[in-house]
Amino acid sequence: MQKRTIGWDPSFQKMTVSNNILRGDVTMFLQLKGGGYHSCQFHTSYKTKEPVTLPQNHVVEHHIVRTDIEDKKVLLEETAVAHVNPL
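In this note's numbering, the protein residues as written are 17 to 103.
One should not assume that every hint holds.
[What the hints assert, rightly or not] Below, a list of computed lysine-lysine pairs in the DSS-like style, where the Cα atoms sit at most 30 Å apart: (1) Lys65 <-> Lys30; (2) Lys88 <-> Lys19; (3) Lys49 <-> Lys89; (4) Lys89 <-> Lys19; (5) Lys30 <-> Lys19; (6) Lys49 <-> Lys30; (7) Lys19 <-> Lys49; (8) Lys49 <-> Lys88; (9) Lys30 <-> Lys63.
[Said to hold, decoys possible] Each pair of labels, with its calculated beta carbon distance range: (10) His99 <-> Lys65: 23 to 31 Å; (11) Val90 <-> Gly50: 17 to 25 Å; (12) Val90 <-> Thr60: 17 to 25 Å; (13) Glu66 <-> Asp87: 43 to 51 Å; (14) Phe58 <-> Ile85: 22 to 30 Å; (15) His79 <-> Arg39: 19 to 27 Å; (16) Thr64 <-> Pro26: 27 to 35 Å; (17) Asp87 <-> Lys63: 36 to 44 Å; (18) Glu94 <-> Gln18: 24 to 32 Å.
Derived from the structure by calculation, the hints contain no laboratory data. This one's a predicted model, so the numbers in the text were calculated from it and none came from an experiment. Cβ coordinates follow ideal geometry from the N, Cα and C atoms, glycine included.
Hey, can you work out the whole structure from these sequences and the hints?
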């Protein structure tokens with residue numbers, strides 16, 4: 017039985033600085049056709065070639081929307097907004 021996805025739930029990615037590397041951690045949920053979810057855990061790291069001032073700890077609010085026509089090529093649009101973590 018094949019499970020088809022219909023979109024992503026909005027999510028928040030926690031961003032922290034560790035050893036001059038910006039690291040991200042986010043759990044995202046794919047909505048399944050007919051109900052239910054698949055969870056996806058992403059770990060990201062961003063390292064620059066040249067020294068830069070890295071941002072303080074913050075969160076990134078992700079909103080991914082599927083904009084393709086049904087049963088055609090998959091097209092996604094992402095909106096992301098960063099917020100300073102008050103903690």
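#### Entry: Distance restraint hint 22 to 30 Å, applied to the beta-carbon atoms of Phe58 and Ile85
27 Å, holds
### Task
Below or equal to 30 Å on CA atoms is what counts here, so check Lys49 against Lys88.
16 Å, holds
### Query
Is the straight-line distance between the alpha-carbon of Lys30 and that of Lys63 30 Å or less?
16 Å, holds
### Outcome for the supplied range 27 to 35 Å, where the beta carbon pair is Thr64 and Pro26
Once the Cβ atoms are compared, 28 Å apart, the range 27 to 35 Å for Pro26 and Thr64 holds.
#### Entry: Whether the CB-CB distance between Val90 and Thr60 falls inside 17 to 25 Å
21 Å, holds
### Task
Mind checking the alpha carbons of Lys65 and Lys30 for me, to see if they're no more than 30 Å apart?
23 Å, holds
### Task
Take a quick look at whether Lys89 and Lys19 sit within 30 Å of each other, Cα to Cα.
The given pair, whose Cα atoms are some 17 Å apart, holds under the 30 Å limit.
### Message
Hint check: Lys30 vs Lys19, CA-CA at most 30 Å. Holds or violated?
### Response
29 Å, holds
### Query
Taking the CB of Asp87 and the CB of Lys63, does the distance hold inside 36 to 44 Å?
40 Å, holds
### Task
Determine whether the Cβ-Cβ distance between Val90 and Gly50 falls within the hinted range of 17 to 25 Å.
The hint (17 to 25 Å, Cβ to Cβ) holds, given that Val90 and Gly50 are roughly 19 Å apart.
### Message
Holds or violated: the 19 to 27 Å window for the beta-carbon distance between His79 and Arg39?
### Response
22 Å, holds
### Task
Take a quick look at whether Lys88 and Lys19 sit within 30 Å of each other, Cα to Cα.
Holds, at about 17 Å.
In this structure, every one of the numbered hints holds.
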